[in-house]
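*Asks:* Protein chains in written order, with numbering that gives the first Met the number 0: chain P, 0 to 174; chain Z, 0 to 486.
Since the hints were made in silico from the structure, they are not lab data. Incorrect hints may appear among the rest.
In silico EDC-like pairs for lysine to aspartate or glutamate, Cα to Cα no more than 16 Å straight-line [as the list claims (entries may be wrong)]:
{"hint": "1", "chain 1": "P", "residue 1": "124", "chain 2": "P", "residue 2": "93"}
{"hint": "2", "chain 1": "P", "residue 1": "17", "chain 2": "P", "residue 2": "119"}
{"hint": "3", "chain 1": "Z", "residue 1": "138", "chain 2": "P", "residue 2": "117"}
{"hint": "4", "chain 1": "Z", "residue 1": "234", "chain 2": "Z", "residue 2": "215"}
{"hint": "5", "chain 1": "P", "residue 1": "124", "chain 2": "P", "residue 2": "135"}
{"hint": "6", "chain 1": "Z", "residue 1": "237", "chain 2": "Z", "residue 2": "153"}
{"hint": "7", "chain 1": "Z", "residue 1": "89", "chain 2": "Z", "residue 2": "311"}
{"hint": "8", "chain 1": "Z", "residue 1": "135", "chain 2": "P", "residue 2": "53"}
{"hint": "9", "chain 1": "Z", "residue 1": "138", "chain 2": "P", "residue 2": "93"}
{"hint": "10", "chain 1": "Z", "residue 1": "257", "chain 2": "Z", "residue 2": "233"}
{"hint": "11", "chain 1": "Z", "residue 1": "161", "chain 2": "P", "residue 2": "93"}
{"hint": "12", "chain 1": "Z", "residue 1": "89", "chain 2": "Z", "residue 2": "269"}
{"hint": "13", "chain 1": "Z", "residue 1": "161", "chain 2": "P", "residue 2": "163"}
{"hint": "14", "chain 1": "Z", "residue 1": "184", "chain 2": "Z", "residue 2": "153"}
{"hint": "15", "chain 1": "Z", "residue 1": "149", "chain 2": "P", "residue 2": "63"}
{"hint": "16", "chain 1": "Z", "residue 1": "262", "chain 2": "Z", "residue 2": "249"}
{"hint": "17", "chain 1": "Z", "residue 1": "332", "chain 2": "Z", "residue 2": "311"}
Since we're looking at a predicted model, the values are computed, not measured.
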Amino acid sequence: MTPTIKWCRRFGATNIMKPLVIGLGNDLMGDDAIGILAARSLKEEVSEWADVVESSLHGAALLDILIGYRRAIIIDAIHTGTCPPGTILDIDPDDLGTVVSPSPHFSGLPELKTIARELDLDFPKEVKIVAVEVAETFIVGAPMTPAVAEALGPLVERVKERWEAWQAETPAGST
Amino acid sequence: MSRHVTIDPITRLEGHGKIDILLNDAGGVDRAYFQVPELRGFERFAQGRPAEDMPQITPRICGVCPMAHHMASTKALDSLYHVDPPVSAKKIREMVYSTFFVEDHALHFFFLGGPDFVVGPTAPKGERNILGVLGKVGKEVGLEVIGVRKQLRELITLASGKVIHPVFGLPGGVSKVLTKDDQQKFIAGANHAVEFGKFCLKVFDDLVLKNKEYVDLITSDGYTHKTYYMGMVDKHNKVNFYDGDMRVVDPDGKEFVKFPGGKYLDHIAEHVEPWSFMKFSYLKDIGWKGFVEGPQSGIMAVAPLARLNAADGMATPVAQEAYQKFFATLGKKPVHFTLATHWARLIELVYAAERMQELASDPDIINPNVRTIPTAAPDEGVGVVEAPRGTLIHHYKTDPKGLITNANLIVATQNNAARIALSVDKAARTLIKNGKADDGILNMVEMAFRAYDPCNGCATHALPGKMPLIVRIYDADHQVVQEIRRD
Chain P
0 MTPTIKWCRR FGATNIMKPL VIGLGNDLMG DDAIGILAAR SLKEEVSEWA
50 DVVESSLHGA ALLDILIGYR RAIIIDAIHT GTCPPGTILD IDPDDLGTVV
100 SPSPHFSGLP ELKTIARELD LDFPKEVKIV AVEVAETFIV GAPMTPAVAE
150 ALGPLVERVK ERWEAWQAET PAGST
Chain Z
0 MSRHVTIDPI TRLEGHGKID ILLNDAGGVD RAYFQVPELR GFERFAQGRP
50 AEDMPQITPR ICGVCPMAHH MASTKALDSL YHVDPPVSAK KIREMVYSTF
100 FVEDHALHFF FLGGPDFVVG PTAPKGERNI LGVLGKVGKE VGLEVIGVRK
150 QLRELITLAS GKVIHPVFGL PGGVSKVLTK DDQQKFIAGA NHAVEFGKFC
200 LKVFDDLVLK NKEYVDLITS DGYTHKTYYM GMVDKHNKVN FYDGDMRVVD
250 PDGKEFVKFP GGKYLDHIAE HVEPWSFMKF SYLKDIGWKG FVEGPQSGIM
300 AVAPLARLNA ADGMATPVAQ EAYQKFFATL GKKPVHFTLA THWARLIELV
350 YAAERMQELA SDPDIINPNV RTIPTAAPDE GVGVVEAPRG TLIHHYKTDP
400 KGLITNANLI VATQNNAARI ALSVDKAART LIKNGKADDG ILNMVEMAFR
450 AYDPCNGCAT HALPGKMPLI VRIYDADHQV VQEIRRD
């Protein structure tokens, strides 16, 4: 069995200073569109300071996007059932447990981070998750519930605030 | 007093399912149910849309196997418009589809089902994940797994635009002519994939087959069901993922029926249960006889184990050798051991890699004649492919302008749903005694579930995060009397 080092090089750029903003979701599935729509909105506003990506990928496939960046903000839908739909939640990836899942095709961020560390991949040193509590994600073509749709604007602002907070924490010239 | 045990992922996950276990007065299992969230609204969503949009829309419904939906949908359009694509287009489609199969099967083995075996079915739960796999097989192998998947995904992107939302299938062909440079990249990727596939078989051989405890588990009665099996075969009755007839064998391995995919309604029907949103596919010629196995029951299986059972062999040499070893090791054909699905999946991975290699070297791959323009009026079409997790059927009807009037999808997990229910029920009966439903036992129940690689929601992606499981035990009045939580 050969060769792994060649592949590592094929990842291309590493230590990218621009932050990565990933909007995750599925824009056909009701509230699950929220992350995608936020990314779409941010793309126009923040392209100078961030690389913005819309993605329906999940699990290990997200490594392909994340590798190479120093910082990443992930925007996603979440269903905790503990707060009203439309609630914006800041989630620290370190608070997320490892996945023990009966579902296929799932690796959570903690797994990705650990895999990257174990394999010496250039995973972002800092990751923030901004998520919106959702209500309905299983009706194809459904509109977003009003509370979730109304959260779009504040969500976009929250992502920008996260970035500004990062900037404030970081000594000038170091990013 | 009966009790009710629920294994329920409480966060939203693509493809998440729920297992309900009802205990009887003696603490044994009365019945175990496999439940799924309902994906609603597809048919209504599709109505009135141009049929040509379906190969782009359907992959977006499912983020897990977008290429399978794209391919089934594209083939349904061929049928709908009564057009036969040029041979070069068919070969390009099959090559790209084979590429997808390698990367998807690799994902399952190492990331999902693999931890059950590579790390071990009785290993602590904290080790039964991809990190446990890495610990067992080594860092270099981990890099190789991720690397080969990345390379293959790049090839899919090269040919089809996007992995997650492919745009290359058109009625009558494909949208892109491949260049010699593209071909060389596919040849290199295929060569890599074949070596990777051989390595995967060796991993299974070393870590699973040489471990008596694991083999005993695979062949144990708790994970065994004597059902019918269905899979797509080529004209020589060899496994094929992209095109061919559907072949069904009975629990003794004899051919029961063989039919073109377009005739699926003559042979496959759907049963509905009040406790599940899932429709359970069964063989119409036998009929629905309840959740029972054997030749008198219409329950069938699809996916890797079923495909190997339903075929007479593999069309490529290394996969064929592995196929023969599979049946020689596990006894007579058909193999009824659900957990052998993991091994069958690796044999299919090798076949997909070898098939990719064959097609990448074929001169037709760079033939610029990649499309036959449809001229007939559209009316009705069926497209069938083998998705990694089983037979996938797209069926569309349109008006003369090509606008969808009716759309029906039968996804792989639906075809497997009745057998999955059997598996979960039997595993629960075997492993839960005297009302004891501890964490380790639930892991074993889930192993039955995972072997099928079920994809239930065909819906949303997942927030990268934790997925706690909660086991709730209810009394007959549905009051929670016990909760086991797994964070």
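*Asks:* Given the hint that residue 257/Z pairs with residue 233/Z, does the C-alpha gap stay at or below 16 Å?
*Replies:* OK: residue 257/Z and residue 233/Z at ~11 Å, within 16 Å.
*Asks:* Are the Cα atoms of residue 332/Z and residue 311/Z separated by 16 Å or less?
*Replies:* Satisfied, since the Cα-Cα distance of roughly 10 Å is no more than 16 Å.
*Asks:* Compare the distance between the alpha carbons of residue 124/P and residue 135/P with 16 Å, and conclude whether the hinted pair is satisfied.
*Replies:* violated (33 Å)
*Asks:* Do the alpha carbons of residue 89/Z and residue 311/Z lie within 16 Å of each other, as the hint requires?
*Replies:* Violated, at roughly 23 Å.
*Asks:* Are the Cα atoms of residue 17/P and residue 119/P separated by 16 Å or less?
*Replies:* violated (21 Å)
*Asks:* Are the Cα positions of residue 161/Z and residue 93/P separated by 16 Å at most?
*Replies:* Measuring from Cα to Cα gives roughly 31 Å; hence the hint is violated.
*Asks:* Just to be careful, I want the Cα atoms of residue 89/Z and residue 269/Z compared with a cutoff of 16 Å; is the pair within it?
*Replies:* violated (31 Å)
*Asks:* If you draw a straight line from the CA of residue 161/Z to the CA of residue 163/P, is it 16 Å or shorter?
*Replies:* violated (33 Å)
*Asks:* Are the Cα positions of residue 149/Z and residue 63/P separated by 16 Å at most?
*Replies:* Measuring from Cα to Cα gives roughly 7 Å; hence the hint holds.
*Asks:* CA of residue 124/P to CA of residue 93/P, is that 16 Å or under?
*Replies:* holds (12 Å)
*Asks:* So if I understand the rule, the pair passes when the alpha-carbon distance is 16 Å or less; does residue 237/Z with residue 153/Z pass?
*Replies:* Measuring from Cα to Cα gives roughly 29 Å; hence the hint is violated.
*Asks:* For the pair supplied as a hint, residue 138/Z and residue 117/P, confirm whether the alpha-carbon distance does not exceed 16 Å.
*Replies:* holds (7 Å)
In the structure shown, a violation is registered for the earlier hints numbered 2, 4, 5, 6, 7, 8, 9, 11, 12, 13 and 16, in ascending order.
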